[in-house]
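**Q** One-letter residues, chain by chain:
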Amino acid sequence: MKVVLRNPRREVEVAGNRRVKDVLRELAILPETVLVIRGDDLVTADQVVADTDVIELRPVMSGGRA
Amino acid sequence: MKCRKCGGAAALELRRHNAAFCAPDFIEFFRNQVREAIRRHRMLTRDEPVLVAVSGGKDSLALWDVLAEDGYRTTGLYLDLGIFDYSVESRAKCEAFAAARGLPLVVRRVADEVGAPVPVIKQVTRRPPCSGCGLSKRYLMNRAALEEGIPVVATGHNLDDEAATLFGSVLHWQTESLARQSPALASSHPKLVRKVKPLYRLSERETAAYAFLRRIDYIVEECPFAVGATSIAHKEALNRLEDASPGAKHNFLFGFLDKARPAFERAEEVDLRECARCGQVTTGTLCAFCKLADQVKRAG
Ligand code: SF4
Ligand SMILES: [Zn+2]
Ligand SMILES: [Zn+2]
Numbered sequence: 001m002k003v004v005l006r007n008p009r010r011e012v013e014v015a016g017n018r019r020v021k022d023v024l025r026e027l028a029i030l031p032e033t034v035l036v037i038r039g040d041d042l043v044t045a046d047q048v049v050a051d052t053d054v055i056e057l058r059p060v061m062s063g064g065r066a
Numbered sequence: 001m002k003c004r005k006c007g008g009a010a011a012l013e014l015r016r017h018n019a020a021f022c023a024p025d026f027i028e029f030f031r032n033q034v035r036e037a038i039r040r041h042r043m044l045t046r047d048e049p050v051l052v053a054v055s056g057g058k059d060s061l062a063l064w065d066v067l068a069e070d071g072y073r074t075t076g077l078y079l080d081l082g083i084f085d086y087s088v089e090s091r092a093k094c095e096a097f098a099a100a101r102g103l104p105l106v107v108r109r110v111a112d113e114v115g116a117p118v119p120v121i122k123q124v125t126r127r128p129p130c131s132g133c134g135l136s137k138r139y140l141m142n143r144a145a146l147e148e149g150i151p152v153v154a155t156g157h158n159l160d161d162e163a164a165t166l167f168g169s170v171l172h173w174q175t176e177s178l179a180r181q182s183p184a185l186a187s188s189h190p191k192l193v194r195k196v197k198p199l200y201r202l203s204e205r206e207t208a209a210y211a212f213l214r215r216i217d218y219i220v221e222e223c224p225f226a227v228g229a230t231s232i233a234h235k236e237a238l239n240r241l242e243d244a245s246p247g248a249k250h251n252f253l254f255g256f257l258d259k260a261r262p263a264f265e266r267a268e269e270v271d272l273r274e275c276a277r278c279g280q281v282t283t284g285t286l287c288a289f290c291k292l293a294d295q296v297k298r299a300g
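Here the protein sequences line up with chains A and W, keeping their order. Following the working numbering, the numbering of the first sequence begins with 1 at its first residue and continues without gaps. Following the working numbering, the numbering of the second sequence begins with 1 at its first residue and continues without gaps.
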């Protein structure tokens, strides 16, 4: 399956047919730091993503504010 | 995972609340948290206008959306920092947001007010960009509100921003910042407007989810100067704590606000005067903003 990462925008291929939680662990991303987006929807960490899915992991951190 | 409210399929899990929500129920949860913040700290009333400082990012546009939807008399304030493509794009997001909803937006350019945009200020002062930028933003927000006749400025600071600021202040025991850190600051001088942070109860993941689910077109890219800012390092450290123990950030911030802040507040008594040049409030003769503008002028 395809995973879209942001800042900068890039794509990686990982194995699908498993829970979002496991994909995040493989990529060493803390669940608290991203939104998991599939199409127009948000996906929770316990949901299974298919091998044919495309998900975006959008970082939620903002800042640098003084 | 099931929605806590309706039992339907959940869109978002909130570990620190031990709950999950579907999209419509999450939006309602989010708005209720904002309402609770406003009520608890008497932040706003519907009888007076409020200036919402917007950056084009998820937090400030989510805030503007909630306040406008809830019937507050909002005007947006966009400060154009002159930071390359980032400023061009973020300004366009704010203008599109305001236009689509028929809301008023005030735009001020830092380059007009200080004499140079943030990247040049950074070079002239040889200080981190966020220092001149933050100083200019705080000054210009207050002055714009006074000039527009608006008694209160609302900013999009979220729970993570506040926890990271608190963490930084505690690491260095900056007692002045600890005394000042609050979801709502009353006006302590006729030329200082009130400042409120109605999103302080919501994490940045929650504000991102709200913006996404409300289909708000916000700028996902960060300011190029944010990379390496210490506040980001603090947020990362806190996120690791949060991962190990959900609710850690919340407890850290709320514990401070409830139990520790009053002690620091009493210790800090400052003498406020008006700047000899611009008339805005300062503790010295010339305010920090006028000094910065002088420095830019000398370098030019
Ligand atoms: S990251 Fe720093 S320079 Fe960029 S907008 Fe925020 S405060 Fe200003
Ligand atoms: Zn529901
Ligand atoms: Zn001044």
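Hints may be right or wrong, so weigh each one.
Here are the computed lysine to aspartate or glutamate pairs in the DMTMM-like style, where the Cα-Cα straight-line distance is at most 20 Å [what the hints assert, rightly or not]:
1. A/K2 x A/E13
2. W/K297 x W/E113
3. W/K2 x A/D40
4. W/K2 x A/E32
5. W/K2 x A/D46
6. W/K5 x A/D46
7. W/K2 x W/E28
8. A/K21 x W/D243
9. W/K5 x A/D41
10. W/K2 x A/D41
11. A/K2 x A/D51
Hint data in this document are derived by calculation from the structure and do not stem from the laboratory. Just so you know, these numbers come straight off a predicted model, no measurement behind them.
**Q** A separate judgement is required for each hint: does it hold in the structure or not?
**A** Here's how the hints hold up against the structure:
1. A/K2 x A/E13: 5 Å, holds
2. W/K297 x W/E113: 12 Å, holds
3. W/K2 x A/D40: Holds - the C-alpha atoms of A/D40 and W/K2 are around 19 Å apart, at most 20 Å.
4. W/K2 x A/E32: 19 Å, holds
5. W/K2 x A/D46: 11 Å, holds
6. W/K5 x A/D46: 19 Å, holds
7. W/K2 x W/E28: Cα-Cα ~16 Å, so holds.
8. A/K21 x W/D243: Judged against 20 Å, a Cα distance of about 13 Å means the pair holds.
9. W/K5 x A/D41: 19 Å, holds
10. W/K2 x A/D41: 15 Å, holds
11. A/K2 x A/D51: 8 Å, holds
The structure agrees with every numbered hint stated previously.
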